[in-house]
Amino acid sequence: MITRIRRSATDGWVNTPDGRTHYIFGFGDISGVPENELVNYRARAELMAPPLLLKAGNEYIVTLTSLGTPTRPDLDDPHTIHYHGFPNQIAFYDGVPEASVAVPVGRDLEYYYKPLDPGTYMYHCHHEPVEHIQMGMVGPLVVYPHDYDSSDPAYKTAYGYGTGTEYHREYYVFLNELDCSIHNLVATVQEPDWTEYRPTYWLINGRAYPDTIDTPGGSRLQSQPWPALIKANAGERVLLRFVNLGFQQHAMELLGAVLKVVGIDGMRPLGQNGEDLSYNKNIIYIAPGQSYDAIFTAPEAPDMYPLTLPFYNRNLIKNNSGGVEPGGMVTEVQIYAPGSLPHQTEPNQA
Amino acid sequence: MPTIDLWAVDGYISTPDGKSIYIWGFTDKAGGSAQLPGPTIIIKRQDPPARTMVTVNLTNSLPEPVSILFPGQSEVRVNGNPVQPQYQNGSLISLTNHCLPGETITYTFYAENSGTFLYESGTNPHKQVPMGLYGAIIVRPQDYMPDHTGYKTAYGTGTGTEFDREYLLVVGEIDPDLHQAVELGKPYDTRVYKPRYWTMNGRCANDTMLPDNVDHLPNQPHGAMIMLEPGEKVLIRYAGAGVENHPLHPHGNHTRLVGMDGRLLQNRTLSNTTDLSYKRFTVLTGAGQTYDQIYTWTGLGFEPVTNQIPTVIPNLRNMAIGHTGMTMWSGSPYLGVKGELPSGMVSYNEVGEYHFMLHSHAEPEITNWGAFPGGLMTMIAVYPNGTLERHHGMLPVESHGL
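Protein chains in written order, with the numbering used here: chain U, 1 to 350; chain W, 1 to 402.
Be aware that one or more of the hints could be misleading.
[As the list claims (entries may be wrong)] Derived CB-CB ranges, DEER-like:
| id | chain 1 | residue 1 | chain 2 | residue 2 | range |
| --- | --- | --- | --- | --- | --- |
| 1 | U | K114 | W | N272 | 32 to 40 Å |
| 2 | W | V351 | U | G57 | 31 to 39 Å |
| 3 | W | D215 | U | N282 | 51 to 59 Å |
| 4 | W | Y348 | U | R198 | 32 to 40 Å |
| 5 | W | P85 | U | I317 | 32 to 40 Å |
| 6 | U | N282 | W | V351 | 50 to 58 Å |
| 7 | U | G274 | W | P85 | 43 to 51 Å |
| 8 | W | H148 | U | P153 | 48 to 56 Å |
| 9 | U | R198 | W | I93 | 32 to 40 Å |
| 10 | W | H148 | U | S181 | 57 to 65 Å |
| 11 | U | P347 | W | S74 | 47 to 55 Å |
| 12 | W | M394 | U | Y279 | 31 to 39 Å |
| 13 | W | D212 | U | Y285 | 29 to 37 Å |
Keep in mind the hints are simulated off the structure, nothing from the lab. No residue lacks a Cβ here, since even glycine has one placed at the ideal position from N, Cα and C.
Please put together the full structure from these sequences, using the hints given.
Structure representation (structure tokens):
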């Protein structure tokens, strides 16, 4: 059986806590939307892009439909999906316009994937990647192990039964930056000089603090549906899926719990003879185009629930939103008394 | 014992957007122009107990003192004495013994470790290294035998570093203001260093995909195209010769990092070996750092007969192909099959090979002064079995003889 998923490529606007709006290109989820209603999904790009959640061994067709960019009707850029890191990809489905095909406005392309390797990956458009990535065509892609079972603790894992990657809850830590002057140039039909790239906002899951700890929804953040607030019951194991699709290296620090790195770029860190090379960290350094899976155990804190652990970028100057501190790449981990939060069945579900 | 004669000279390189940039660099040809990067020095180690002494004679044809550092090499000496930083009036003027304009200096070192290394200027390095005074050294294990199974390795037989083909990618940056200031003898404020070009083997994309020794790039003799057949193990050596870090991402597969800074990623004792190699899809190649990695591509069944990938090619008139007027695509999803491309399209695809991009994911670095495509980008081409000529990805056992 083949599972069908559909993504739109279009434009939209995102919001930062200083009240400014920024023009973006991006993806939207149009799975199951009837053809005659697609027009309603123009200009509804989301940042971060809707996650692609796949299971190892299953087959998927992801249809990319380019709905055009209403704010830039002059723009005839095609789009693609690049499944970043897919082992043994073939060129046709790799989404590189110079080595395959791309999707013009008003057209579709079906990408076929049969992922075999579980882990945290990412997807983005690869047409003029410097522009289309910065403009927001970026999202996480998770491949669950073939034996994944959210209802069985031994099988709710990042890398499969018996790999030591069991978890109770999982959250995205999806990082990128936004240079508002470049977004403004693109909105006003100007050509940026990319060597002058200088970000003004640093985002987790498409939001800058304090929007990171806001709840989903709300009209101001309708294009940014992903809060970055991490919640867990004391004693639970929490999997953080770090992805960096910005252009800078970042240094995410968690206070009050130890991060065990169990996945690097979608692979368990294993030597050639199966040596376990996982390690503990307080700060995850992550370069553009990398991913990490790290698990921490939510500490006990009787009398203090909910306990708050700060989680922020140790490149401290990135903790601002348009010049206001604290802001940018800052969020929180909130820990509740055992049994307080219900079982989590989807990533980021609070 | 290998002896390499190098001259520090000036010259010009070309960028794909039509610029000519003044450089300082090394050449191994008397009377030659500066080459970017400097000539690759490839050394095969002697069987122990013999030690492999390498001699480098540097003649300075530039207007200021120049030197060479050999990071990671053992017992670097000049005129028989250990090299030392140089001071003038108590002030550091060079990280190692230097050579005055018009003079020649002789360095020696022992190549004790296999792997990938840099050599680079240690005099005014903030200026001279970005100007181009750098190159790579490859040290081969003493049991290296390219025609013997199991002995064509990066670090010696039994280390898990066997390979079929090898490619060296030396990465760097260029701030044209620095180069112009040096050419015109004007001052340059190091604090404003701002690269506008990024180079892979001295070339910016799309020149990175051209073959070695093309006529119009006489001072940038090395291409950066990676070519392999399915299942082959390809040793990719990254060398970070610039002053910044570059996250290099190959499409098509992960690499396994087997060596770092010219050291095998293994802990070995008499009784035990712990392999510390691991896989990545993006490797942050730091300033001065080297990585040795094994890349393979083992996609299964991607041919029309078994057709394990159910693919219906859409009507190509509905698709965007080669928006820059050219494509590397074959017109077919299958390896070794050439399909029909829209008329007027220039395809550089030879025999239905797959092209996978290898590029910096700090994406402004894949531009030439802000314009995509450019910079730190090349292609990995997977050729159908039996179609890739043997000479691709074959570096010599040694570069400068005994």
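Against the structure, the hints come out as follows:
1. U:K114 <-> W:N272: 32 to 40 Å: holds, 39 Å
2. W:V351 <-> U:G57: 31 to 39 Å: Cβ of V351 (chain W) to Cβ of G57 (chain U): about 32 Å, so the range 31 to 39 Å holds.
3. W:D215 <-> U:N282: 51 to 59 Å: holds, 54 Å
4. W:Y348 <-> U:R198: 32 to 40 Å: holds, 35 Å
5. W:P85 <-> U:I317: 32 to 40 Å: holds, 34 Å
6. U:N282 <-> W:V351: 50 to 58 Å: Given range 50 to 58 Å: holds, Cβ gap about 51 Å.
7. U:G274 <-> W:P85: 43 to 51 Å: For G274 (chain U) and P85 (chain W) the Cβ distance comes to about 45 Å; the hint holds.
8. W:H148 <-> U:P153: 48 to 56 Å: holds, 51 Å
9. U:R198 <-> W:I93: 32 to 40 Å: holds, 35 Å
10. W:H148 <-> U:S181: 57 to 65 Å: holds, 58 Å
11. U:P347 <-> W:S74: 47 to 55 Å: holds, 51 Å
12. W:M394 <-> U:Y279: 31 to 39 Å: holds, 38 Å
13. W:D212 <-> U:Y285: 29 to 37 Å: holds, 36 Å
Violated hints for the displayed structure: none, as all numbered hints are satisfied.
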